[in-house]
Amino acid sequence: MLQAIIKVTFLEGLRNKAVYGISLMAGLMMAFTVVLSGMILRDVGKVATDFTLSTATFASLLVVLFVGITILARDLERKTIYLALSRSVPRSRYLIARFLGLGLLQAFVIFLLLVASLVTLLLVKNMYASYFGTVSLGLVALAHLFVLVQMLLLTALSILFSMVASSPFVTFMLTTLAWLIGSSTQEVKMLIESAEPVRVSPVVKVLVTLAYYLFPNFTLFDLKATAAHGLSFSAGNAVFVLLYGLGYGVVVMSFAVLLFKRKELT
Amino acid sequence: MRRLTNFVPCFFALCGTALYFYALPMVTVKKTQHEQLFALPANVLRIVSIQFKELSADMLFLNALTWLGGAKPQQATRRYLPEQYEWLHNTLKNSVTLDPYFMDPYYLMNSALVWDRYKIEEVLPVMANGADIRTWDQLLPFFVGFNYYYFLSNGEQSIYYLNVASKRSGGNPFYDTLAARIAYKVNKTELGIAYLEQQIHQAELEGRLYSVEPLKSRLEVLKGIRKIELAVESYQNLFSRVPQDINELVKLRMLDSVPQDDLGGHYYLDDQGRVKSTNDTK
Amino acid sequence: MIVFEDVCKTFDLERSKKVPAVQGLSLRVASGEVFGCIGPNGAGKSTTIKMLLDLIRPDSGSITINGLPSQDEASRAKVGYLPENPYLYDFLTAHEYLKYSGRLSGLSASIIAERSSLLLEKLKLGQAENRCISGYSKGMQQRTAIAASLIHDPDLVVLDEPMSGLDPLGRKLVYDLIAELKQQGKTVFISSHVLTDIERLCDRVGIVVQGRLCHEGLVSDFEMPLEELFLHVVADAGEDEVK
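Chains as they are written, first to last, in this note's numbering: chain A, 1 to 266; chain B, 267 to 548; chain C, 549 to 791.
No lab work stands behind these hints: they were computed from the structure.
Taking lysine-lysine pairs in the DSS-like style, the calculated list, with each CA pair at most 25 Å apart, reads:
1. C:K626 <-> A:K7
2. C:K686 <-> A:K79
3. C:K626 <-> A:K263
4. B:K385 <-> B:K338
5. A:K205 <-> A:K189
6. A:K263 <-> C:K565
7. A:K261 <-> C:K626
8. C:K686 <-> A:K17
9. A:K79 <-> C:K626
10. C:K566 <-> A:K263
11. C:K720 <-> C:K670
12. A:K79 <-> C:K566
What the simulated footprint calls covered on chain C by chain A, stretch by stretch (three residues with Cβ under 8 Å from a Cβ of chain A suffice, anywhere in the stretch; the number is not a length):
13. 597-606
14. 616-624
15. 634-643
16. 649-661
The structure presented is a predicted model; accordingly, all values stated were derived computationally and were not measured. Note that the Cβ used here is the ideal one computed from N, Cα and C, for glycine as well.
Isolated chain A (complex conformation) (with noise of 0.2 Å):
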């Protein structure tokens, strides 16, 4: 049953339109690092690094915002969830199994992004070997893991938000809005902590911490630095976020399925 509802889920995603335009970019952005790789002076391998993995990381951003925004809500305005939940299938495991789906049609993007992204970087290495610097490809790797978590973090987000907008559009506003939050919290608290002489009402002070504690923190997925640069990320860190990413996504999903369950499908 579970089984069924996540292949149909992949499957929606697969054969939606949108999720060719969006490889379309990724495949002509990847091309781009390749060209784009001659203009730079030494660190070859760092620009084309973060050409690659930004592209991993804005593709997917759009999987979410287009493509899972789009089967869930679809799936609610137009009544389609009627045959499942009119049958002996939980809300619970319904809401779970969709979740799963998309998380699936995420993992199978970021699959390709991450061959596309090593193509690009085994190919700028061979044009400019000398001007590869320190980059890991392990660490790359590591860093689309950290893109898929986080993507899958961000759809639980969009499903929970699914549960209490009006619209579609509603939706996609709020977890666009929580994916720029999530990402520049970190920024902003260290900005209004720091020795500055910069005055910041305390009414502001209040509002960014509890923004920092309340929405995950996006910024802990982002490996690009450590891809480019080689630097060292014990396994311990890794660990640490992946835990963090799962453990908020059990939460924001465990509300979100309280929230489904009483919700009237009128």
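Following the hints, position chains B and C against chain A.
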């Protein structure tokens, strides 16, 4: 007829695209003529870049590089305008604020700002910070070490960074001999001797015997110079003036013999009694 | 099979306006019976069906299917549902859609294959089964949805406007299918505006007006045509449009 109506919008789209690409260089030229004077503050950039800080750093660097590639210095002064240097400075500084590990902005800072002697006291500490952070890189500390002596006559910082470059290069004697030479130039010969002795000891411990010879020969030179300096000090204590030349010190047996300069020149005393070589260049 | 006991449901609209959709509905549908639920637009028929399937929850009262409360998923193990104006996953083919529907009820691949080819043949969808649903007409989509609601051989079939969007041929096919279900002893709950079909197919009919069950009885006991009875009941209930 239907095929013709399908063709017409395609034709206009093609014309529009061609016109766009034709007009683009003209707009770009105007942009460089008016100069890109606006640079966002670094902390705003860090927040606005969200998870794409490194990409933003790359784009800022490319922005600076392409501008430099197209910009023309003033004919009379052969320099850019002050606001252009300031924009370049801010852009490169922002780039390394977003990604302090990125080498290329430091490289451009060195070539376009430091060597044009623009705000060296501000630019060099930024480069030094990069040298500290890029723990695997020997080139940047070499640049920093060199610049500290050459532009700011700061021997201490110079020796420190050349030492860093030496360590990271696995004991390249080039950096060590240069550090020793700089110590001598800033009248800190004793410091140079201590530095070389330490480097030789370290090289022997680590089995890098290939680098020991050049260091030992430079050490001998410095020891010779130090002997002259000590002899000059003794002379000054006795006669309350500087000796006329080194031969006077030999005559008074304050010095056994005149040490040899390893580059083929010979040593002399300037009017303040400082030991100089005919090979010294400024 | 189905028991509604004093079920009430009120919807909260904007500006604190409350709309009573269902008021004190008490109804029983016996096993093997074909029950027709008719009423004017907005009478609460679809709301009643959605409460039966736990898609929305009643404010008060109880609903049971085979003795199990409607909130229990197990009560719907052998229930097939056709919603009003169904949307289907248009990226799937009919074949894939029926396979998905069968899997939701835990059917094996072989049973799904057997039953889906049978249903698609009966509903004249055999030639289009491997085309994406996005390319189907309204009638074809309706028939696909009916097939999906029957793939798991349910004991209770709930059909909300089954004839909607069908041409006369499609209506004949669906009519024959419902008649077959009746012969098989299935319980069928139909909500429809096509009174002639209700009169011919159903054993009992309930007329719902403004959320209340205003009339209920065996079709064989009706003293006048169903349409006439319907108009009388609606007028008695104070429905302004009919007056």
